[in-house]
Amino acid sequence: MKKITILSAFLIGFLTYGFAQNNEKTELPSVNIKTLTGETFNTSDIKNPDGPIFLSFWATWCKPCIKELIAVDENYVDWQEETGLKVYAVSIDDSKSMSRVAPFVNGRAWEFEILLDSNSDFKRAMNVINVPHSFILDKNGNVIWQHNSYSPGDEDEIYKIIKKASEEEKSDNQ
Amino acid sequence: MFSLSVFAQENNKDYGEFHGNFELNTQTYSADSLIGAESVDEIMRANTYANFTYTKGKFSAGLRYEAYLNTMLGFDQRYNGQGIANRYASYTSEDLEITVGNFYEQFGNGLILRTYEDKTLGLDNSSDGIRLRYAPIKGIRLTGLIGKQKLYWEYGPGIIRAFDSEISFNETFKKFTDAKTKIQIGGSFVSKYQKNLDPVYNFPENVSSFAGRINLSRKALMLSSEYAYKINDPSSDNGNIFKDGNALLINGSWSKKGIGFLISALRLDNMSFRSDRSASINDLNINYLPAITKTHAYAFDAMYPFATQPNGQISGNFEIFYNFKRKSTLGGKYGMNLNINFSQVNAIQKTQIIVNPNDAIPNLDGYTSDFFAIDDELYFRDFNIELHKKVNKKLKFAAIYMYEDYNKMVIQGKYGMVHADIGILDFTYKFTSKNALRVENEILITGKDADGNKQDYGDWYMATLEYTSSPRWFFAVSDQYNYGNPEKSHRVHYYIVSGGYTKGANRIQLNYGKQREGITCVGGVCRTVPASNGFSLTISSTF
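Chains as they are written, first to last, in our numbering: chain G, 1 to 174; chain D, 1001 to 1543.
Just so you know, these hints were derived from the structure itself, not from any lab.
Cβ atoms here follow ideal geometry from the backbone N, Cα and C, with glycine treated the same way.
A hint or two may mislead.
Unchecked claim - According to the in silico footprint, chain D covers these stretches of chain G (three or more CB under 8 Å from chain D):
#1 117–123
#2 126–137
#3 149–162
Said to hold, decoys possible - Going by beta-carbon spacing under 10 Å, a handful of chain G positions derived as facing chain D:
#4 S30
#5 S99
#6 P103
Let the sequences and hints guide you as you build the complete structure.
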């Protein structure tokens, strides 16, 4: 019982710390991954001078990931116009399903920037446990929000955050 | 020392970044003889992982704490215990990267080298050693490493030495930078050393393998291929034969907006490659052999999953992706998405070599195999159609039909051939902008054996009801009913009730119910999951 008490105390402390840390601005790590055409891409080059970034870790075999990207895709044109948003979808498909990514993405007519993280190096560097896990970055490349899992309607919260980020950027520029 | 000098050069105000994650999985175990669930003396067991990473400029370091108190059922019990399971430090400049400690690496598709971790599989074959990466000019990457592989809390007996080089022509040569055709080629070499302590066999102590790969893309077309060759490597996997091994993987796809085709082929012959010749299950694999069959994600289309057969398999996969446009006849107002997939895996033909003890040098190759000959023995066949459609603003559905033949004897070592027809209907009804109800129905019907009885566990039906309140809550009830089990007393309901709360990157989930026995696979690598009965709690956080 004592062990359980200590363990729970540790857990509560840990989670409180975790929750408190979420709003801190942080920069992306530098990891070499690949583009769809096989060229090397350094993750510190994930940038968008025109507005915020939605960065999503996904896989072709992950149902909620695909639902999330479909929801983002349905709103992408509007969000781009309004906030200057750019979407990076980082596939963690390994060499078993990596070659599915291009026909899968094109088959769905998605217009996101697609990156391949086939041995989960970037996923590990971002401390992502499970997919879907998405991040929102401000114009300066700082992580301002992250979320694990997907439920229908999450796109409303995503919209709220990117809208706020783009407004803050506009007022910064004035 | 190295890190100190880096620190000194940086701005004093920048203390670097500290991040990490945490994951706790715990379960209580109650006995249920009907489904084969066992209880444990500890009542509950827990697997816990926590990663910590520190980055400052060009320097980064990290460690992972793991605690298995005690190891949950279905994971290797050699994990029992707690401590630092992984630690590393690395320095990265523009053209050079130095890593010491535990690291994960993959050359090409992994056919001769891939170290990785997967917590679902309880797999971590990281190398502990030194890795150097160097980019002498843009587009050329060289990687060299030496290390020992992790085996639970210890290390395997073998040493791995490996080198890889890759050139991306469009990045290296300026005149090709904007060319429509993109080409990369790569070559790798991996050698393992393990002392021979066997009193009878003269096992080779150094075993080498080579691989070459090409990746080519032009507009809608993409082609990639890798060939790997491994020199004599007698092991408990291949029955201690001295035959060389080889693997060939080919992927080709053509796709443009709204349509895509994929065709893949894979042939493996004697390609198990471990840093201990007597290792088994998922221990100490140096390479990764990607099954090219489609990965399924629902409960029943993933009930009989294919696992890669390193000793020999020949397989093909064909897939179509198609999007019916909005306002077309079949597309309706919102469009419709279609995916058709076919894959088949057979044995390779093997002609056994009879060893003549009177020969001066006996032939210990075991067998010969014609590269292009396909054996009649079927391992796996999968034909499936998947439809996704948005009916209106509130209602979406997915419909799947799957036809499957599964050689359970070869893949799991029990029963025999299983045929299954699977149907899935998955509706999501979003009744307000934040609240949604998902209703999932699945059915699996097996074929009949020679005596007219249902194969394996027979027929199953499943229903799931899931309520989500974005972005925080979810509740679900699910029942898998084995109504067609050939043994009437085993026609059991496996019900699970679950609830979860997510805030940002923090998540907590509680389940109660029964889990059927089965196998779970990631990338063609599988782990058996025992039947269980009880509560399970998962807490995870990324920070």
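**Q.** Given hint S30(G) near chain D, where the shortest CB pair must fall under 10 Å
**A.** holds, 7 Å
Count the residues of the stretch 126–137 of chain G whose Cβ falls closer than 8 Å to any Cβ of chain D, and tell me whether that reaches three.
holds (count 6)
Taking 8 Å as the C-beta cutoff, is the stated coverage of the stretch 117–123 of chain G by chain D satisfied by three or more residues? Coverage by chain D holds here, the residue count being 4 at a Cβ distance below 8 Å.
Restraint outcome when P103(G) is required to lie within 10 Å of chain D by C-beta distance:
holds, 3 Å
*So, S99(G) near chain D? Judge it on the closest CB pair being under 10 Å.*
holds, 4 Å
Go check the stretch 149–162 of chain G versus chain D for me, would you? Three or more residues, Cβ under 8 Å, otherwise it fails. holds (count 7)
Checked against the numbered hints listed earlier, the structure breaks none of them; every hint is satisfied.
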